[in-house]
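Could you put together the complete structure from these sequences and hints?
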Amino acid sequence: MKDALSRLRQSTRSVCDAIVALARIKAILLLEDIVPYITRPIDRTQAICISVGTFSWDSVAVRRSSAATEKSDVSALGAMSGRTTATDQEKEKLNPYESSEHQSANVLTNISFQVAKGQLIGVCGQVGSGKTALLLAALGQLHLSSGRVMRDGSCAYVSQEPWILNASLRNNILFGESFDSKRYYETIYRCSLSQDINMLPGGDETEIGERGINLSGGQKQRVALARALYANRDIYLLDDPLSAVDARVGAHIFNRCILQALKHKTVILVTHHVQYLKHCNQVYMMKDGRVCDHGTHEELMDREQDYAVMVKTHSSETGDQSQCVLEEEHLLVGDGESFDPGHDAADREKNRRVSSSSQGSEKLDPRGAEQLTVPEMIQKGSIRFDTYQRYISAAGGYYMALLACLCFLLNVGSTAFSSWWLASWIRAGGGNATVFVNNQTMPSHNINDNPDFPMYQLVYAVTIPVILGTSLLRGLTFTKVTLRASSYLHNKLFKKMMHSPMHFFETTPTGRMQNIFSRDMDEVDVWLPITVESIMQNMWIILFAILFVCLAFPWFIIPLLVLAAIYYVISKVFRVSVRDLKRLENVSRSPIISWVGTTVQGLSTIHAFGKQSDFMARFMKMFDENTTCLYLCCIAMRWLAVRIDTLAGDTSRQQNMSADDVANYYFGLHPPSELLKPLHFGSWFCFLLQMNRL
-8 MKDALSRLRQ STRSVCDAIV ALARIKAILL LEDIVPYITR PIDRTQAICI
42 SVGTFSWDSV AVRRSSAATE KSDVSALGAM SGRTTATDQE KEKLNPYESS
92 EHQSANVLTN ISFQVAKGQL IGVCGQVGSG KTALLLAALG QLHLSSGRVM
142 RDGSCAYVSQ EPWILNASLR NNILFGESFD SKRYYETIYR CSLSQDINML
192 PGGDETEIGE RGINLSGGQK QRVALARALY ANRDIYLLDD PLSAVDARVG
242 AHIFNRCILQ ALKHKTVILV THHVQYLKHC NQVYMMKDGR VCDHGTHEEL
292 MDREQDYAVM VKTHSSETGD QSQCVLEEEH LLVGDGESFD PGHDAADREK
342 NRRVSSSSQG SEKLDPRGAE QLTVPEMIQK GSIRFDTYQR YISAAGGYYM
392 ALLACLCFLL NVGSTAFSSW WLASWIRAGG GNATVFVNNQ TMPSHNINDN
442 PDFPMYQLVY AVTIPVILGT SLLRGLTFTK VTLRASSYLH NKLFKKMMHS
492 PMHFFETTPT GRMQNIFSRD MDEVDVWLPI TVESIMQNMW IILFAILFVC
542 LAFPWFIIPL LVLAAIYYVI SKVFRVSVRD LKRLENVSRS PIISWVGTTV
592 QGLSTIHAFG KQSDFMARFM KMFDENTTCL YLCCIAMRWL AVRIDTLAGD
642 TSRQQNMSAD DVANYYFGLH PPSELLKPLH FGSWFCFLLQ MNRL
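Residue numbers -8 to 685, in our numbering, belong to the letters of the sequence shown in order.
In short, the hints are calculated from the structure, not lab data.
It is possible that some hints are incorrect.
[Claimed, not checked] Pairwise CB distance ranges (calculated): (1) Asp49 / Leu13: 33 to 39 Å; (2) Lys303 / Arg609: 46 to 52 Å; (3) Gln448 / Tyr479: 45 to 51 Å; (4) Ser234 / Leu467: 55 to 61 Å; (5) Gln151 / Gly601: 16 to 22 Å; (6) Glu367 / Ser568: 16 to 22 Å; (7) Cys396 / Ile626: 32 to 38 Å; (8) Asp636 / Val6: 25 to 31 Å; (9) Val6 / Ser207: 22 to 28 Å; (10) Ser2 / Asp636: 33 to 39 Å; (11) Arg174 / Trp630: 51 to 57 Å; (12) Arg629 / Ser415: 28 to 34 Å; (13) Asp49 / Met512: 32 to 38 Å.
[Claimed, not checked] In silico BS3-like links for lysine-lysine, alpha-carbon gap of 25 Å or less: (14) Lys573 / Lys563; (15) Lys612 / Lys602; (16) Lys486 / Lys471; (17) Lys483 / Lys471; (18) Lys269 / Lys256; (19) Lys371 / Lys573; (20) Lys371 / Lys563; (21) Lys602 / Lys573.
Beta carbons: idealized from backbone N, C-alpha and C, even for Gly.
What follows is the structure in structure tokens.
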């Protein structure tokens, strides 16, 4: 009964955690998948064709399903509370989409957009006019409410907020493609990355931190553009790729990358730099999620509507400087300046050798030049004693730790005393009292006739509130100690991280920090107090059990010492393996969190490049590594359980031998022992059973 009640607390907590987790998982699983709605156009000269398309960020079906789920949950709660019907106002609150489905927030409305193959299309408009949504609609990343979307060709996408992987600069550009030296260095040249790569300590092998933290905004934008250019796709969707670069670099990229390298590709360029729009075959003007005007630059200027006003306003604010830079860069292209991959590659190797030699002369870490992220350190060997000291200090010091141990001692001791006192009371029987039966005076065996009955009754009655009081005192003290330790460690960790230099955040993945503040702190806040409580409780129970058993059977010390030595050897082997497996499991969890966060941030880019399977394979590999550590931990636990059960069986055999000795005594085969009374033997036998269970 006691074991079942002790497990009830942990089981209740696990059930509550499972309910919360299942609700969150359910919300994800009920999300509607984006139904592929892109088809191939009948006219093969068309690259992209959107015919009267209306798009929204989510679908009405998702909102209806969510509202219906909420309605069913509330109805179930109402039924449990005795309510059987709901008013019309309540129904409207539960499912507002039933009456206002037509009012769903459409991000694009009645879009007609046609792009012929090989054309350069410009898209402009005010902030929030739907330019980015138009590109996402062409990629199939929005929910299609009405209309048709047709596309012919593979896509490459450069988002407005460049998405950078935590990998080397070269791998960010290759993005899973095979390495082609000529195409690679030509891409670097056309995206104006040559000087930036030469400045990096490890060249293009330099590791880029999460979200490109060690790159500037313009560098990140050019890396994302180089990734798209190297992919060599049919259709390029560029969402304001020149917003983070200066005028000269922007002119270089526009001329050498967009006009030259992508000359025979289909390019949709979203930009607010109007000086580039005159080079586009067609220009689309967006306003409030609609195409308000489209045509060539000259046609739109002649109409003198919103587009002409925007161009004139921009020209008056910036002057002719940007246009002069663009024309100057265009003249350089016209003069015949070309890309020499052999010369550029030779410069790259030269710079790399110079960089390596300078690193050697300064005696730097050989990984310092190329590797940015510092690998997570795994402690080796046993847990050092100062680790325990830090936790005790965080809990309030040795005095608080001793107070907690004393509370556990009082609680276990009072429980043991209660069992011993009850056995003594029953053994005393009627004491020296006599009763008159059948005209004869006989000693009474009824405990009610015992002259000391009030004293036995009073002491045993006092032990009950003492046990309850010590249990309450133990719980309050232990809770205060562990809460203080958890709060102190969390606040110290948070303060340390908040006062860390920027270099720490550049070299530490976000997943590692999230893992520390989530799973590792959960171990300190929840599982460590449970484990410490179990150890302290069981330690005193075992000590009392050994004390009582050895008083009854002194020879039991010999097999007990042998079993203790065997248990020590087994536990030492177990601790070494499980400790290292647990460390590996903790370390292997951080990359999973980082990878999931990175994947979610770059979903649009991943879908556009068709890299879902590659990212899923990488995730499954990391997940398998983490799960393998968990599986091996479970195997180690089973390994220990089998051997502990074997030791418990040996202890049971020793108990049976002791029971046989008692039986032989009562059959008259052994001399009596004052300590070896049947009731005391029952108490000692219960303590032995507790030892087997623990």
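Okay, the hints, checked on the actual structure:
As the Cβ distance of Asp49 to Leu13 is approximately 23 Å, the hint placing it in 33 to 39 Å is violated. One distance hint, 46 to 52 Å for the beta-carbon pair Lys303 and Arg609, holds here, with the actual separation near 50 Å. Taking 45 to 51 Å as the suggested C-beta distance range, the pair Gln448 and Tyr479 conforms, at roughly 47 Å. Between Ser234 and Leu467 the CB atoms are about 60 Å apart, so this pair conforms to the stated range of 55 to 61 Å.
Separated by about 21 Å at the C-beta atoms, Gln151 and Gly601 satisfy the suggested range of 16 to 22 Å. Remark: the range hint 16 to 22 Å for Glu367 to Ser568 is upheld by a beta-carbon distance near 20 Å. Between Cys396 and Ile626 the C-beta distance comes to about 34 Å, which sits within the given range of 32 to 38 Å. A hinted range of 25 to 31 Å holds for the C-beta pair Asp636 and Val6, which are about 27 Å apart.
For Val6 and Ser207, the Cβ-Cβ distance of about 51 Å falls outside the hinted range of 22 to 28 Å, so the restraint is violated. At about 22 Å, the beta-carbon gap between Ser2 and Asp636 misses the expected band of 33 to 39 Å. Distance hint for Arg174 and Trp630: a CB-CB separation of about 54 Å, consistent with the stated range 51 to 57 Å. In this structure the supplied range 28 to 34 Å is violated for Arg629 paired with Ser415, their Cβ-Cβ distance being about 42 Å.
A hinted range of 32 to 38 Å for the beta carbons of Asp49 and Met512 is consistent with their spacing of about 34 Å. Restraint check for Lys573 and Lys563: satisfied, since their Cα atoms lie roughly 15 Å apart, inside the 25 Å limit. Distance check on the hinted pair: Lys612 and Lys602 sit about 16 Å apart at the alpha-carbon level, within 25 Å; holds. Proximity of Lys486 to Lys471 is assessed by CA-CA distance (about 22 Å); at most 25 Å being required, the pair is judged to hold.
Distance hint between Lys483 and Lys471 is fulfilled; the C-alpha atoms sit about 18 Å from each other, no more than 25 Å. The suggested pairing of Lys269 with Lys256 holds, with an alpha-carbon distance near 18 Å, which does not exceed 25 Å. Annotation: proposed proximity of Lys371 to Lys573 holds, straight-line Cα distance about 12 Å (limit 25 Å). A hinted pair counts as satisfied when its Cα atoms are at most 25 Å apart, and Lys371 with Lys563 qualifies at roughly 15 Å.
A C-alpha spacing of about 33 Å is found between Lys602 and Lys573, which places the hinted pair above 25 Å, so the restraint is violated.
The structure is inconsistent with the numbered hints 1, 9, 10, 12, 21, although it conforms to all the rest.
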